[in-house]
Amino acid sequence: MLVALAVLLGRFVRVVTRMRGGGSALPGWVVLKLVPDFVARVMTRIQSDHAVPVAVVTGSNGKSTTTSMAVAILEAHGKRVFSNPSGGNLPQGIASAMLTDVTLGGTLSVDAVVLELDEAYGVQLADAVRPSHALLLNIQVDQLNRFFEPERVVEMVRRIAEPAHTVIVNDSDANTRSLGNQFAPTHDVVGFDVVDRVAPDGVYGANAGNDAAKDARTPLVSVTAVDGVNTTLAYAGEPLAVRLPSPGVHYAVDAAGALALGARLLGDEFDSSVAASAISDMKPVYGRGETVEAFGSPLTIVMMKNHPSLQANLDALSETPESLYLAVDDGTPDPSWIYDIDLSRLDHVDVVSGSKAWQWETRLAYAEIPTGVVEQDARTAFEAFGTNTSPKRQKHRTAIVNYEQMMDLRRELGYMEIEGE
Amino acid sequence: MTLRIVHLYPRELGMFGDVGNVIALQMRARWSGIVASVESVGVSDAVPENADVYMIGSGSTAGLRAVAEAMPTLARSLTRAHSAGATVVAIGAGLHLLGSRVDIADGESVDGAGLIDATSTLRAERLVGPLSGSIGKQGVTGYVNSGHQLIGTFNPLVERIEGLSIESDGVSADGILGTHLHGPFLPMNPKFADDIIEKHTGVAVDQDDPRVSRATGAASHSRVALRRELGL
Ligand SMILES: [Zn+2]
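Top to bottom, those sequences are chains Y and B.
Letter by letter, the first sequence follows residues 6 to 426 of the working numbering.
Letter by letter, the second sequence follows residues 523 to 754 of the working numbering.
One chain only, chain Y, in its complex shape (with noise of 0.2 angstroms):
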């Protein structure tokens, strides 16, 4: 009954948030303010109804990216999939995305569940979502004014996946290597990774103690060429071509990590080359090399959450951006990191903006890096950008922005629908 009525009352604030020209995460916080349970209540009726798997994908960095292709990968193959939407991946943002299919009386008809999880609040998801896989992309240096050290990530991380059977490890990580060979006695744990050749400075794992040591591990799936958006991946030893939704070696680990989460829930139904295909068929995920159009020209946005993020979006440029736009603002609290950034692929800058544009301008004197204009508000910024630049070697404009500059940049630009809801 209480779960009837959070359920309608949930679906009633999101129309009415909808029409106000939003959307957020807030009808799935109202759900658990009614029943704080509820995510757990859904889950545990998915699984005593009938064995769902579900999968929970994890790390610093490629979460709405992999979890979106392991999706893909599945649906390719026939099933029904309950996901969070890209970024949604705290408790509300869930509970929000429960409420388009769940019956009133809290029951998902899916195959399979594939979810996102924030490192931090996945440990508290854990106990909720009880996953049977746990897909471990990465541990990197990120959001440290919430995580403090990489150190306290890596046991996070361990946490989330202890519950499951199946754990699925980046074996090019060190962090997660090294979990993956913690959870080797006592769970079944697959590895994915890339070969040294196509990313020889590594993957930008952090230093958290855990030495490179080697493991007896045969990856399932190995990235083993990346050309901008073409990849080919080794696949039980055979190779497979993936266009990849942006180009980056990256993106290409993601998709390996996708296809090895998809080989183990599907087993015997699993067919390579629909997974490859499914990949390919991808649009990128918001914001992660997506083209929007301003200006009325194509303008290519790419995110950077963090160091690794945004090194590993440079080194995937296949040639110095044009029209450059570089927006970073308080959702990035503690710019620091900026001077481990090699800036080598950038010749110019011609707009910087967000609350942090002075830090960046800084950075960027020190680099020797021209700039146009220099610019804290953001609408004033943008609209310089259109006026000064005009694409013309490259058909495209470049923007390099942080989360929240991403999020205002695609709203001002009319692409209304919200990550997270």
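Treat the hints with care, as some may be off.
[Claimed, not checked] Cβ-Cβ distance ranges computed for the label pairs, FRET-style:
hint	chain 1	residue 1	chain 2	residue 2	range
1	B	I673	Y	T105	53 to 61 angstroms
2	Y	R202	B	P570	30 to 38 angstroms
3	B	E630	Y	P375	44 to 52 angstroms
4	B	A726	Y	R202	45 to 53 angstroms
5	B	A606	Y	Q129	48 to 56 angstroms
6	B	P570	Y	E324	37 to 45 angstroms
7	Y	R202	B	R623	43 to 51 angstroms
[Claimed, not checked] Examples of chain B residues lying across from chain Y (beta carbon under 10 angstroms, computed):
hint	residue
8	E534
9	G581
10	A627
11	L748
Keep in mind the hints are simulated off the structure, nothing from the lab.
Cβ atoms here follow ideal geometry from the backbone N, Cα and C, with glycine treated the same way.
We have chain Y; now place chain B with the ligand onto it with these hints.
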């Protein structure tokens, strides 16, 4: 004219962009016509004793453990270099390691280089966020993220702090600048980089050089923006 900079343990220490301090010294010296060299020293390497500036950065528990074995070597060489007039810029864990002992989360501790009379103990609550303060009469800003506090006999570097629950931060001693202001410390507060450069080379940083003035101007705007972020 030359400026020789040694960057200590960049692989293990430097979690908060601390290399920014090396970059600021190197670029501002170069822009002023000084030949600035940077040598990275690893945990198993000998520490050169004839450099002008030594920079040691911040790190996590794993970083502290990883450099522990190098501390006897560092203590010997850095003490000699410092008494010969070298400047030491120490950030976060790097600052704690200049004391005699640093406590680590699970009850273990690491011996430091012993250049300052201090030990580092764990804070009950971690100190995280931006701060505004002053070094002497000069306003400074920066970002702190620290789980330790330094206890001992020393003068603090940053005083009159606003924005965080501490009144002062770091250590100021002859030839030692220790703080928690991370990688942006010298880039965002370039006066202190310029003082170091002039002290060791006799050359004043050329404030009229357009590259110097761009960086100095941007740094000044950054400090204003950070103070605004703190509501000051
Ligand atoms: Zn500290």
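Against the structure, the hints come out as follows:
1. I673(B) - T105(Y): 53 to 61 angstroms: This hint holds: roughly 55 angstroms between Cβ atoms.
2. R202(Y) - P570(B): 30 to 38 angstroms: Since the Cβ atoms of R202(Y) and P570(B) sit about 35 angstroms apart, the hinted range of 30 to 38 angstroms holds.
3. E630(B) - P375(Y): 44 to 52 angstroms: The hinted range 44 to 52 angstroms holds for E630(B) and P375(Y), with Cβ atoms some 49 angstroms apart.
4. A726(B) - R202(Y): 45 to 53 angstroms: holds (48 angstroms)
5. A606(B) - Q129(Y): 48 to 56 angstroms: Taking Cβ atoms as reference, A606(B) and Q129(Y) lie about 55 angstroms apart, which means the hint holds.
6. P570(B) - E324(Y): 37 to 45 angstroms: Distance hint for P570(B), E324(Y) holds at roughly 40 angstroms.
7. R202(Y) - R623(B): 43 to 51 angstroms: holds (44 angstroms)
8. E534: holds (7 angstroms)
9. G581: Since the shortest Cβ distance to chain Y is 8 angstroms, the answer is holds.
10. A627: Hint on A627(B): holds, closest Cβ of chain Y at ~8 angstroms, below 10 angstroms.
11. L748: holds (8 angstroms)
Every hint, counting from the list given before, is met by this structure.
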